[in-house]
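K.L.:
In case you want the letters, here they are:
There are 2 protein chains.
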Amino acid sequence: MLFRQLFDQDTWTYTYLIADPQTREAALVDPVIEKVERDFQLLKELGLKLKFCIETHVHADHITGTGKLRELTNCEGIVPENAQVSCASRLIKHGDVLQVGNIKIQAIATLGHTDSHMAYLVNGDRVLTGDALFIRGCGRTDFQSGDPGTLYDFVTQNLFTLPDETLVYPGHDYRGQTVSTIGEEKQWNPRFAGRTRDQFIELMNNLNLPNPKKIMEAVPANEQCGQVAIASS
Amino acid sequence: MLFRQLFDQDTWTYTYLIADPQTREAALVDPVIEKVERDFQLLKELGLKLKFCIETHVHADHITGTGKLRELTNCEGIVPENAQVSCASRLIKHGDVLQVGNIKIQAIATLGHTDSHMAYLVNGDRVLTGDALFIRGCGRTDFQSGDPGTLYDFVTQNLFTLPDETLVYPGHDYRGQTVSTIGEEKQWNPRFAGRTRDQFIELMNNLNLPNPKKIMEAVPANEQCGQVAIASS
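First to last, the sequence lines map onto chains A and B. Take the first sequence: its position 130, counted from the start at 1, is 130 in UniProt numbering, and no numbers get skipped. Take the second sequence: its position 146, counted from the start at 1, is 146 in UniProt numbering, and no numbers get skipped.
Just chain A, with the same shape it has in the complex (with noise of 0.2 Å):
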């Protein structure tokens, strides 16, 4: 398998290039708009066809590239199950499974930060968690519906009983930090390691965070899959 984690330094996202060196198909996960340059090159350079784009969930802190890609690449834009976005070519829910060449990702149903949301298992051996779980930390559950209980039930529930080693890729990370594993997560991650539920919504409910630079542009251009912000660019 040919991945590749990519990183956008002005909202700490990592998108991620997931492609079949034998069949040449390619799918990215999350890409931002700002780097769809980059990471059509890339494809280009690596001979690869990209046949999904896929989004962890609807983004508020940055425009998704699904758009330009779809226009660049004619690939299908893939976005899970009850998402408010009306541009989707497909909707994908808890246990399906795509298949990228002899690649397979199954979408894990993760919500809590967002009332829609996946993360993906890579080939049964990488997990891409998107906002519910990050190294050491863990999406916000302030706005977008979120909900603290429900992020604690799913991460707990669906991701920390992957084996110990799988290895957790995330969709932001603000400490320099990469890759990670289920088992080093439920050890260390400060957020769930040894709090109760009840302790883990308490502690999500007093974070007072600003919201994100770009939430106010970043949410209805990515229920329009990035194609509002094609438009008036």
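Note that these hints are calculated values from the structure, not bench results. Treat each hint with caution, since some may be false.
The list treats identical chains as one, so a pair stands whether inside a single copy or across any two.
Unchecked claim - Straight-line C-alpha distance at most 25 Å; calculated SDA-like pairs for lysine to any residue:
hint	residue 1	residue 2
1	Lys213	Gly124
2	Lys104	Gln187
3	Lys49	Asp153
4	Lys44	Asn158
5	Lys186	Glu217
6	Lys104	Thr178
7	Lys44	Leu167
8	Lys213	Trp188
9	Lys104	Asp147
10	Lys44	Gly194
11	Lys214	Gln177
12	Lys186	Ser89
13	Lys214	Arg175
With the hints as your guide, set chain B onto chain A.
P.N.:
Just chain B, lined up with the frame of chain A:
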């Protein structure tokens, strides 16, 4: 092998953690002084014993974390031969192999960015290229005894002769890329691909880059393994 790429957002620097999960021995390559707390905490959480802090070269854009880490862990500080560094535990020369548990880290001379620089081949399948070779770029050659002809020779003779599938992990990236391969860089690196040695020299001599912001403090501090910064912080 446990292998972690770590990022310093302020200076776009990659630090690498390499460890043997059986023996728990570990090495850090190119640690950054501002990230010592993060890296030391990660070592503790993973139950690792730091054996080596290894430098690819004397950096001009950030201060090394080696001095602080040596105080915290009693590790050895490994520096390429000919570096103007008086405090190294050991100088390393081309072909030398450092053993971290069962992992072999082999030094590869890659001069030209500075007149003392090593890349490190880890377990034969990945090479940490420091500032000699970047993803689709290379380190500058206009200060610290840099020399573009020398860089061209070492990159083409000592790095591009590795197997095409060898993973390339650079010392910096300024576009959010994390990994590449030797085959990709031979084909797509715009500094080298399709250029003669003379054309490379002409290109590098006309980049007209500003000096790194931290050069005046970083170089003298790194010649003391970062310990100047400790004294003044």
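K.L.:
Any of the earlier hints contradicted here, and which numbers?
P.N.:
1, 2, 3, 4, 5, 8, 9, 12
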